[in-house]
Structures are given as C-alpha cells and as structure tokens.
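Let the hints inform the model, and build the full structure from the sequences given.
So the chains spell out like this:
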Amino acid sequence: MTRFARGSFFAALCSTLILLALGSQVARAQNARLIGSGATFPFPIYSAWFKQFSKDTRGAIVDYQAKGSGAGVQDFINHTVDFAGSDAAMTDAEIGKVADGVVLIPITAGQIVIAYNLPTNPVGLKLSRDVYPEIFLGKVTRWNDPRIAAVNPNMKLPDLPITVVRRSDASGTNFVFTKHLSAINAEFAKDVGSGTTVEWPRSDKIVGAPKNDGVTATIRQTPGAIGYIEYGYAKLTKTNAALLQNKSGTYVEPSAKSGAAALAAAKLGADLRGWIEDPEGADSYPIVTFTWLLFYKRQDEKKAAVLRQLVEYCATKGQTIADSMGYIPLPTNVAQKIKTATAEIK
Amino acid sequence: MSDHPFAIVASAKIISQAPTGGEHLVDRGFRALALLSAAVLIALVGYIIWKIGGKALPAIRDYHLGFLTSSSWNVQEKKFGILPGIWGTLYSSVLALLIGGFFGLAVAIFLTQGFLHKRLAFLFRLVIEMLAAIPSVVFGLWGIFVVIPAIRPAANWLNEQLGFIPFFATSLSGPGLLPAAIVLAIMILPTVAAISQDALNSVPYRTKEAAYGMGATRWEVILRVLLPTAAGGIFSAMVLGFGRALGETMALAMLIGNSNQVSLSLFAPAETLAALLASHFPEAGEVEVQALMYAALVLLAITLLVNVAGIGLLTITQRSISGKV
Chain U
1 MTRFARGSFF
11 AALCSTLILL
21 ALGSQVARAQ
31 NARLIGSGAT
41 FPFPIYSAWF
51 KQFSKDTRGA
61 IVDYQAKGSG
71 AGVQDFINHT
81 VDFAGSDAAM
91 TDAEIGKVAD
101 GVVLIPITAG
111 QIVIAYNLPT
121 NPVGLKLSRD
131 VYPEIFLGKV
141 TRWNDPRIAA
151 VNPNMKLPDL
161 PITVVRRSDA
171 SGTNFVFTKH
181 LSAINAEFAK
191 DVGSGTTVEW
201 PRSDKIVGAP
211 KNDGVTATIR
221 QTPGAIGYIE
231 YGYAKLTKTN
241 AALLQNKSGT
251 YVEPSAKSGA
261 AALAAAKLGA
271 DLRGWIEDPE
281 GADSYPIVTF
291 TWLLFYKRQD
301 EKKAAVLRQL
311 VEYCATKGQT
321 IADSMGYIPL
331 PTNVAQKIKT
341 ATAEIK
Chain B
1001 MSDHPFAIVA
1011 SAKIISQAPT
1021 GGEHLVDRGF
1031 RALALLSAAV
1041 LIALVGYIIW
1051 KIGGKALPAI
1061 RDYHLGFLTS
1071 SSWNVQEKKF
1081 GILPGIWGTL
1091 YSSVLALLIG
1101 GFFGLAVAIF
1111 LTQGFLHKRL
1121 AFLFRLVIEM
1131 LAAIPSVVFG
1141 LWGIFVVIPA
1151 IRPAANWLNE
1161 QLGFIPFFAT
1171 SLSGPGLLPA
1181 AIVLAIMILP
1191 TVAAISQDAL
1201 NSVPYRTKEA
1211 AYGMGATRWE
1221 VILRVLLPTA
1231 AGGIFSAMVL
1241 GFGRALGETM
1251 ALAMLIGNSN
1261 QVSLSLFAPA
1271 ETLAALLASH
1281 FPEAGEVEVQ
1291 ALMYAALVLL
1301 AITLLVNVAG
1311 IGLLTITQRS
1321 ISGKV
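Residue numbers (this note's numbering), protein chains in the order written: chain U, 1 to 346; chain B, 1001 to 1325.
Calculated directly from the structure, the hints in this document are not laboratory data. Every value quoted in this text rests on a predicted model; they were computed, and no experiment measured them. Backbone N, C-alpha and C define an ideal beta-carbon position, used for all residues, glycine too. A couple of the hints might just be wrong.
Unchecked claim - Below are the DMTMM-like pairs computed for lysine to aspartate or glutamate, each with C-alpha atoms no more than 25 Å apart in a straight line:
| no. | chain 1 | residue 1 | chain 2 | residue 2 |
| --- | --- | --- | --- | --- |
| 1 | B | K1078 | U | E94 |
| 2 | U | K190 | U | D130 |
| 3 | B | K1079 | U | D92 |
| 4 | B | K1078 | U | D191 |
| 5 | U | K97 | U | D300 |
| 6 | U | K97 | B | E1286 |
| 7 | B | K1079 | U | E187 |
| 8 | U | K126 | U | E280 |
| 9 | B | K1079 | U | E94 |
| 10 | U | K179 | B | E1286 |
| 11 | U | K67 | B | E1288 |
As the list claims (entries may be wrong) - Only some residues are given here: those of chain U computed to face chain B with a beta carbon under 8 Å:
| no. | residue |
| --- | --- |
| 12 | G70 |
| 13 | D169 |
| 14 | G193 |
| 15 | G195 |
| 16 | K205 |
| 17 | I206 |
| 18 | V207 |
| 19 | G208 |
Claimed, not checked - According to the in silico footprint, chain B covers these stretches of chain U (three or more CB under 8 Å from chain B):
| no. | region |
| --- | --- |
| 20 | 152-166 |
| 21 | 216-223 |
So this is what it looks like as structure tokens:
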C-alpha cells in the first residue's frame, strides 16, 4: 500500500515534470522574440505596427530600436538583430558582407517637406525649382528676394533674413533631401553633394539641430526659419509646409495623394531598391522616398515564419493606417512585388 | 584604583593589548582593498585612453596634427578637422564659467553668511541643488523655447547698434553661442554653488569673528578675509564647473547650432566637441568613427589639461595665501 502510494506519487511527480518541461518547450517555441533596429524616419508607424502585430499574433514579440539607418545596417551586418530598417536600403558592398543573403522590402514611404516660419503665419508659400536649392546653398538669403516674391504675388513677404535649419545628426532624411537637391541643382551636387551627412555651406544663417523634433522646434521658434522635416512631423505639429514646383512645373502641396502619385512613377529594381530623386508626373510631390526593412534569406525556420507573417501584416493591414500617420500607402504594384520577395525569407 | 577617573580607559583589557590575529587580518585586508580600488580606478582610466587611442590611431596617422587646425567635416571626401569644435568648446565653457561662476559664488556667499534666515537658506539650497537633477534634454528644450526668444531682441539690438565690435558682429537668428553659454551657466551653477558653500562654511568661525572684532564691515570681512581663506575650495569649485561645461552634450547639441565655423561673435552658431560626437556617432561609418575617436581623445586631453592646470594654480594660490614658499 505504502509502496504503491509512493510509486503513484513518484509517477505523478514525473508526469508533472514532463508536462511542465513540454509546456515550457511549447511556450518557448511560440514566443518568437524578434529584434530589429535602424531607421528613425519610419519609427512612428513601425512602433504602431509592431505593437499591434505582437498583440494579434500569439507568442510573437517584436522589438524595434530606432537608432538610425546606418546603425541598423551595421547591426544587420554584425548579425546582432533579426531584421533592420534603413532609409537608404543597402549598398552593394554592404549586401556583400552578409553571408546569409539579404531580402530588401520597401515597406512604407514618406515625403519630406520644406517647413517655414514667417511672422504673419501665411499658408501656401510657393517655392520654385531654381530657388529652393539656392536657399539651402545659402545664396538666397532674404525672404523678400524678388525670385521668391515673383511666384507668391499675393503674399506679403517680410524683410527678414532666411535662417536655414538643417539636421546636425546623420540621417536618412538628410540622404533623401540632399539626393533630391543634387538631382535638380548642379551646383548643390558639386558643392554639397548627397549623403546621410553632408558638409553644408558655412554661414551664420545655417544652423543645425538634432533629429526631426529638434529641427521642428527650432523652426517654430525662429522667425524667418526654413528647414526640411518629415511630412508626419509637420502634420503633427501643424507647421506650415511650402508648395514645391515639380519636374513638370506645377506647384504641389505635400499630401498623401501627391506622394502616392510620385510613388506610382517610381521604378524599382529586381532587388526592390530604387530611388525617386525627381519624380515624373504633373501631380507628383518632388521629395519622396521608400524606406526598407532588411531581412536575412536564411535563418531559423520558426523565426522565418513569423517574419513572413510580420511582412504580410505590414504590407496589407498595416497600410491602412499609413495615411493618418503621415506616410504614403504603398502602390499596388509594389505590394505585389513584396509578396514574391517575402517568399525568399526562409 | 577604581575611583581614578581614567580607570576604565587605562584598564588592561582595553588599551594594553596587542592586536589579535583577526584585527591584524582586517587591517591588512582593508589596506589591500583600498590599494586595489585605487589601482582599478587608475587602470580603468588607462584602459579608456588606450581603447579610444587605439581606435583613433588610424585617424591620427592619416590626419596628424592638421586635424586640430582644419575646419571641415566632410564624410564624402574624408576630410576631417575639429578646429571649430575646439574653439566652440572652450569659448562656450569659458563664457559659462564667467556667468555661472559669478552667480554660483554670489549664491554661496548669500546662503552662508547669514543674509537669510536659516530655514529659508535651507530651502534655497534645496532648490539650487534640484537644478542639478534636471535632465540635459529638458535644459535644451527650455533653451529653445524660453532663452532664445528672451534674448533675441537684446541680441539683435546690440548687433544693430554695436555691430562693429566683433562680439556682436552677427544677428542672432536662433541657436547660437550665447544661448548655449547661458544654459550651460545654469547647468554648472549647482556644482559651483554647492562646493563654494562648503568652502565658505569651512572657514574657522574664529577667523571671521576676529575680523569683525577688529572693526571690519561685513563686506570687508567677505571680500578680504573669507574669500581669500576659502580660495582653495572656491577654485576647485570653478575647475569642476568648467570640467562639467566642457563635457556637456545634449543641451549644447540642441542650442549651439552645430556650424563648422570659428567666429568671435556671441550670436553666431558654433560647434562643440561633445555635440559633434553625439550627433555623428550613431550613423558614422568606419573612417568617420576613427576621426570621431580622435576628436574624443582631444576632448579628453583638454579636460585633463584643465584639471591639471587647475590643481597647479590651486597650489600656487594656496601657497601665496598661507605665505609658505
């Protein structure tokens, strides 16, 4: 009797232990923790997506650290993350450093606006194609410059110096903005060039501020300031953004519609990389960019499954919130291409 | 015997006993621990310098001392120089020390020399020490939203009226050297005030009373007796404050304007080494990281030099005050 009791107790203990072990095994398998790092530009929408995805998908937790595109690519090459985000995709040299292969997915897109602060707070300042690069070169220095006044006949422009506010830190925003200016202005291409950090002309009217929020705050606090920020930030803070003259000569306001028009004109390569330096089309807003998620081609099977799920979520359900957050929903042809690319994440 | 007043102290049990083995061990152990702590500290500083120096070595080889005197920071062309950074770091810190040092010392005198009721002085001290707990970013934002708009009219008036003086040669649009220095001054104020207070409090009461006894007025006592006597402590307060100003990062990155130029004008945007490091590190490529490490090494050297010079000056002033040669 006692022996039997002891035996059954022992059996119960064993089975409990086995169950516990199994349970934890199952829990571990389901708790796929994905770590990503990189671009700050899409961070608001990424954090909304990843939070929702982690909530909807049982056991999947996605963490994303907005360190900057360059740092993200570095982490990706060093294999310290499961995926990364980058506004500049990856260069061929960088791709060559990843032995496991790279899948690049343009997951969302955004536009960069030229925000300004003028004393009477006039809305709808127009800037022509030959003037705005020269403002950022420090050549057009006063608001009542005849070339600005010529395209804004109804606006009373003050006799104020133009203070250019630029990003002081390296960023994808810099990359996209300077690439656009270099594409439309030969002098800008020669003197400043393009990159995540560039050497701006030296002037006491060109100041640097850190990150999008730093630039936004400085523009809002400086009468006569002009600077470039993401559309989402301008929308959120209700900062005035200029209408820019596009390639076909029309003045276009930054909006989801004009951004989508520019994206539709974009040509992506087979690896889904592609720059839209100066989009075609009468309705296109001139400064737009895709931003990419970077994945490995080969990894742990379970992780790959969750990663594929994640991309699918972002590319379909996720796109519905893009507009309200100041990003541009992906055009259908790109969404189609993403589907084929996602299959390569194994 | 037992009624002797020193009976307890003199009892054989307490005093006339050789240290036991345990006591000996504790003594030795403590000594070793103290030595070890000191050694670890020195080794840590050495390790940091070695590590940074090692990473900076390729940049030092490529750019030599020209790095210190050139002023472009161009990643595309791989041209790096930190003259504006060195200039801006020293200029902003000296300005901050002039402003913050003066007010810090004034506050210390005000709080220690009986101008206020004790409780009120305590409250004041608490408020000033709370300044030290405010995060750097908050100071930066406060600078953008409060300091810059507040000083802009005065700065632009000075520029219009006295623009021929190099200090006022440009107008203040937004971020610039003066707003950065003002915020920096407020940030170092608690350090300067707290240590100066300690220095003033440690002046012997008798010295002060003797001066009053000789018929000196309050101002004479403060200026001729107290300050010279406490000079050593006040001086180290200034050195520490200056050191903090040199290394301050986030608030300066937001306020200084990050412009690669060397200008005497108080209203022009400038650059500091710490701000340069903070804004370029996260996205820097391999070559830029080497250049940044070189810049970090220079910042370290400047801080070290300031501290050594401070200690040197301190010993000299103390000697001249106490009259020893």
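Output the numbers, in ascending order, of every earlier hint that fails for this structure. none
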